[in-house]
Amino acid sequence: MGNAVHKQMNAEPIAMFSKDDLLENSGVCVLIQGVQVAVFYLPAETPSVYALNNWDPLGKANVLYRGIVGDINGELVVASPLYKQHFSLLTGRCLEEDNVQVPVYQARLDGDTVIVTLQPSL
Amino acid sequence: MKAKRIVVVGNGMVGHYYVDNLAKQNAGHEITVIGAEPRPAYDRVHLSEVFSGKNPEDLALTTREYYRQIGVSAHFGDAVAKIDRANKQVVTDLGRCFSYDKLVLATGSYPFVPPVPGSDQPGCLTYRTIDDLGAIRAHAKDGKVGVVVGGGLLGLECANALKNLGLETHVVEFAPGLMGVQLDGGGSGMLREMIEELGVKVHTSKSTQKIVAGQDRKLRMEFADGSALETDMIVFSAGIRPYDQLAKAADITIGERGGIVIDYHCRTSDSDIFAIGECALFGGRIYGLVAPGYRMADAALSQLTDTPIPFQGADMSTKLKLLGIDVGSIGDSHGKTLHDGQPPASFLYSNDRERVYKKIVVSADGKKLLGAVLVGDCSDYDTLLQLFLNDMELPANPEAIILPADKGASPLLAGMSLPMTATICSCLNVTKGAIVQAIEGGCCSVADVKAVTKASTGCGGCAALLKSTVNEELAARGAEINNNVCEHFAYSRQELFHLIKVGSLKTFDDVLHKHGNGRGCDVCKPTVGSILASLFNDYVLKKEHASLQDTNDTFLANMQKDGTYSIVPRIPGGEITAEKLIVIGEVARKYNLYTKITGGQRIDLFGARVNQLPDIWGELVAAGFETGHAYGKALRTVKSCVGSTWCRYGVQDSVSMAILIENRYKGVRSPHKLKSAVSGCTRECAEAQSKDFGVIATENGWNLYVCGNGGMKPRHADLFATDLDDATLIKYIDRFLMFYIRTADRLQRTSVWMNNLEGGLDYLREVIIDDKLGIADELEAQMALLLDTYQCEWKTTIEDPEKLKRFRQFVNSMEEDPHVVFVQERGQPRPARDSERKTVTTA
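Respectively, the protein sequence lines represent chains A and B. Its first residue numbered 0, the first sequence is counted upward by one per residue in numbering that gives the first Met the number 0. Its first residue numbered 0, the second sequence is counted upward by one per residue in numbering that gives the first Met the number 0.
Note that these hints are calculated values from the structure, not bench results. The structure displayed is predicted, hence computed values, not measured ones. Incorrect hints may appear among the rest.
If you want the footprint, here are the derived chain B segments under chain A, 3+ residues with CB under 8 angstroms [what the hints assert, rightly or not]: (1) 514-528; (2) 554-560.
Within a straight-line C-alpha distance of at most 30 angstroms, the following computed DSS-like cross-link-like pairs (lysine-lysine) qualify [said to hold, decoys possible]: (3) LYS59/A with LYS802/B; (4) LYS771/B with LYS500/B; (5) LYS83/A with LYS513/B; (6) LYS802/B with LYS83/A; (7) LYS794/B with LYS560/B; (8) LYS505/B with LYS18/A; (9) LYS712/B with LYS320/B; (10) LYS542/B with LYS513/B; (11) LYS794/B with LYS18/A; (12) LYS143/B with LYS101/B; (13) LYS59/A with LYS453/B; (14) LYS453/B with LYS83/A; (15) LYS560/B with LYS453/B; (16) LYS83/A with LYS466/B; (17) LYS541/B with LYS18/A; (18) LYS466/B with LYS595/B; (19) LYS59/A with LYS23/B; (20) LYS59/A with LYS505/B; (21) LYS59/A with LYS804/B; (22) LYS672/B with LYS83/A; (23) LYS542/B with LYS320/B; (24) LYS712/B with LYS83/A; (25) LYS595/B with LYS83/A.
Estimated spans, in silico, between C-beta atoms of each pair [stated by the list, open to error]: (26) ASN86/B with GLU95/A: 51 to 59 angstroms; (27) GLU95/A with GLY312/B: 46 to 54 angstroms; (28) SER425/B with GLU11/A: 33 to 41 angstroms; (29) VAL751/B with GLU95/A: 45 to 53 angstroms; (30) SER503/B with LEU94/A: 32 to 40 angstroms.
No residue lacks a Cβ here, since even glycine has one placed at the ideal position from N, Cα and C.
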């Protein structure tokens, strides 16, 4: 089993890591085949993990995982730490700028393991 | 309307505005623009900024690429030589021909060089184009002294440029005063004094007779009064003349003293040819400002549509910063016009100490504003301009408009409603009517109105006026003005502070469940985090608080544009040992950090990657440094002069006091950042009066000043109490800070906070000194708790492996962010610009 997972990690764009590496109500960043993915952990929500591309297209830096998470009109968002625009954790859509969207990826908790892939989550 | 071939001659600011807006009409016109200068349109108004750090590219208003995108055929560096009206075509210097159905002349103007013998020799320059700047810079290189001929608006701009080049700068003016067109004698005099204080030498009533070779310097100007001035360079900026030769040669009607004559529709004597901007003469007048040029362009553009609008002259009121000095002029600043046959009356406020001059000219019956002059303080400009443009009735005591707020003035425009036609945002041309329409269409906040009307999205200068207009309209519709923190809490910060304190709520979740709704956001989380810190002073990265903090507080450093951080170790009072300086230098060298001295007498280290922060701080803490809280809404720095220890004039030991104050209040979280300074004598070298609280030594103790600030809207602090002993000084500061922390709004600086306190400074004295509210003991006790529980957040952080996990770039890799790239400049690293990156990493 462990072998199979290992193989898969090499072949597929996927990251698996311990739940202990997550920060409650905050983000961390993982690197999947050169792509930076911000992973947010909201223990009170279902699902409890969300993954967005880490690149802030407005601030033009790899910083989204360092933003504050919360909700705007009920929509789960992260606020860019640079210029404070909000990006939806579900769709990647920017609430302030039309036509700005960051890629959203599949992420889930499997027991104590976090699994993030580069598959689009929608 | 049928699509036409439209040729625009000239690509200055007005020519570009015309072309850009014509393309936006999307009417299928075939548009050609021909510019004599080698580069596309740029912002001439801010030309002098090239000498204070801007690149010429920063001034660009457009690019060749942009013109291509909007389908405009653009040609630069080739001037039009001839207009062939018979064949409806223009021919350029290089012999190219362009046929037109409509021709637009936007040829602009050139600097007037008085016909003085010798004014054509090397070293005699003009100031108009980017190429002129190159010539000025070249001459400045091997010169020491520069003269500007002309003390008008452009001349003083040019003087600023010479000063920025490090030249000893002189202004020579023919008239008796500076800016004679815009300012009256008093305003002009104040401006002169202020300019001379900046080191610029002003010579008025000087008529230059000839320019000859100098003895000590390259050139010598000889004046009619027998005096002379030696200089290395002379820049003529004594007014402009319209570029009308092209039109003249084509037999288009020209005014007696130059300028292409236009009608209400900006048409010349040939109805297929328009003229706009500074080459055009309307009603016998050349409009030498950019805004009227834009209005001419609007009028000319509208001729190609079904709804033509006329140009009917334009207001020449102007507000600008000359050599850093605010100057404003509205309407008839000289008080010369009769109103209903009566000479006008004027009111004057002149303050030599604070260097402020304000004059208003009103009609004899006191009801209408006819003009105004402002020097040193333009904060009333917007209000006065609205009163003037909208012909509004003045209050019974018009002088109240220009009196300082604490000397009997009434708040303006409150209850004095602007008419619907009033322009609120002049950049985007948004009227009050459009704002009211937006509100009636469902907008319920300033942000909504901004999004719909685009008001205040240009220079932003109208933000306050927009806010008061929106709030007034909302209030008139019975809407409650909402100062709630955000959608998650229906309370102001002050109310929330009280609720948290009374309920002794210790976490954000408790506060949210008890008093809020939803999940919180990037506004309320840091606000509550700050209140919790002000009340209980837990470690900010404690598990339940860590996710509340803004990125700067979370990483205990200041995020820069590329996602790296800067680090500011605390240097109390700006006093530092050689050993510690060496440590900072060594750390910077080891981690390749850019170092810069801050305005607050500290050292900022830039370019640290998030994963380097713990190592860097490990070394700094080991050397005895503490965090400087540059990242927090907290006390930043207490600046000081050397005081009586070294200085011949110092009367108290300002350094010791500054260190005492900085160490006392370090780490205290507040609604906004806090700055302080201590000066050792009345010369005020530490600039304490520009701080939230400042201390100035006297023979008998200390004077305390409060509620000043620098930054975007500088404000001098108010004298709060005099000749205090050390203990009383500290007691008052304890109470003052805690009262501010308790009652201020989110991100409200002390100055705004005090202005919003009913009773202002006097009330503050009653609370702090006389203990009118009976809370002084409580405030002191609260402060004592914060002081007792201080910890250096970095020391705590580097001792806790669990906390250090947050400082990883990637949880699954040791790689670093490849987008963070540095290049060397002046021997130090700086972030690479996009054009300097070899590999561009994006999503």
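Results for each hint:
Counting residues of the segment 514-528 of chain B whose CB lies closer than 8 angstroms to any CB of chain A gives 8, so the stated coverage by that chain holds, three being the minimum. Here the segment 554-560 of chain B counts 3 residues with a CB under 8 angstroms from a CB of chain A, which clears the bar of 3, and the coverage holds. Proposed proximity of LYS59/A and LYS802/B is supported: the alpha carbons are some 27 angstroms apart, at most 30 angstroms. Simply put, LYS771/B and LYS500/B have alpha-carbon atoms about 21 angstroms apart, close enough for the 30 angstroms limit, and the pair holds.
Proposed proximity of LYS83/A and LYS513/B is supported: the alpha carbons are some 27 angstroms apart, at most 30 angstroms. Note on LYS802/B and LYS83/A: the hinted pairing holds, with a Cα-Cα distance of about 24 angstroms set against a maximum of 30 angstroms. The hinted pair formed by LYS794/B and LYS560/B meets the criterion: a straight-line CA distance of about 26 angstroms does not exceed 30 angstroms. For the given pair, LYS505/B sits about 27 angstroms from LYS18/A by alpha-carbon distance, which is consistent with the 30 angstroms threshold.
Among the hinted pairs, LYS712/B with LYS320/B is consistent with the structure: their alpha-carbon atoms are about 14 angstroms apart, no more than 30 angstroms. For a cut-off of 30 angstroms, the pair hint linking LYS542/B to LYS513/B stands: about 20 angstroms separates their Cα positions. The straight-line distance between the Cα atoms of LYS794/B and LYS18/A is roughly 27 angstroms, inside the 30 angstroms bound, and the hint therefore holds. Among the hinted pairs, LYS143/B with LYS101/B is inconsistent with the structure: their alpha-carbon atoms are about 50 angstroms apart, more than 30 angstroms.
Proximity of LYS59/A to LYS453/B is assessed by CA-CA distance (about 24 angstroms); at most 30 angstroms being required, the pair is judged to hold. As the CA atoms of LYS453/B and LYS83/A are separated by approximately 19 angstroms, the hinted pair is consistent with the 30 angstroms bound. Proposed proximity of LYS560/B and LYS453/B is supported: the alpha carbons are some 26 angstroms apart, at most 30 angstroms. A distance of roughly 21 angstroms separates the Cα atoms of LYS83/A and LYS466/B; the hinted pair therefore holds under the 30 angstroms criterion.
Distance hint between LYS541/B and LYS18/A is fulfilled; the C-alpha atoms sit about 19 angstroms from each other, no more than 30 angstroms. A threshold of 30 angstroms between alpha carbons decides the hint, and for LYS466/B with LYS595/B the separation of about 37 angstroms lies outside it, so the pair is violated. This hinted pair checks out: LYS59/A and LYS23/B have alpha carbons roughly 29 angstroms apart, not beyond 30 angstroms. Annotation: proposed proximity of LYS59/A to LYS505/B is violated, straight-line Cα distance about 37 angstroms (limit 30 angstroms).
Taking the CA atoms of LYS59/A and LYS804/B, the gap is about 25 angstroms. The hint holds against a cut of 30 angstroms. About 19 angstroms separates the Cα atoms of LYS672/B and LYS83/A, which keeps this hinted pair within 30 angstroms; it holds. Straight-line distance between C-alpha atoms of LYS542/B and LYS320/B comes to about 49 angstroms, which puts the hinted pair past the 30 angstroms bound. With a C-alpha separation of about 23 angstroms, the suggested pair LYS712/B and LYS83/A falls inside the 30 angstroms cut-off, and the hint holds.
At roughly 27 angstroms between alpha-carbon atoms, LYS595/B and LYS83/A fall within 30 angstroms of each other, so this suggested pair holds. Distance hint check: the CB atoms of ASN86/B and GLU95/A are about 53 angstroms apart, consistent with the given range 51 to 59 angstroms. GLU95/A and GLY312/B have their C-beta atoms about 40 angstroms apart, which leaves the hinted 46 to 54 angstroms range violated. The supplied range of 33 to 41 angstroms is broken by SER425/B and GLU11/A, whose beta-carbon atoms lie about 58 angstroms from each other.
A C-beta distance of roughly 25 angstroms is found between VAL751/B and GLU95/A, which places it outside the suggested range of 45 to 53 angstroms. Between SER503/B and LEU94/A, the C-beta spacing of about 35 angstroms keeps the proposed range 32 to 40 angstroms intact.
In this structure, the hints that do not hold are numbers 12, 18, 20, 23, 27, 28, 29, in rising order.
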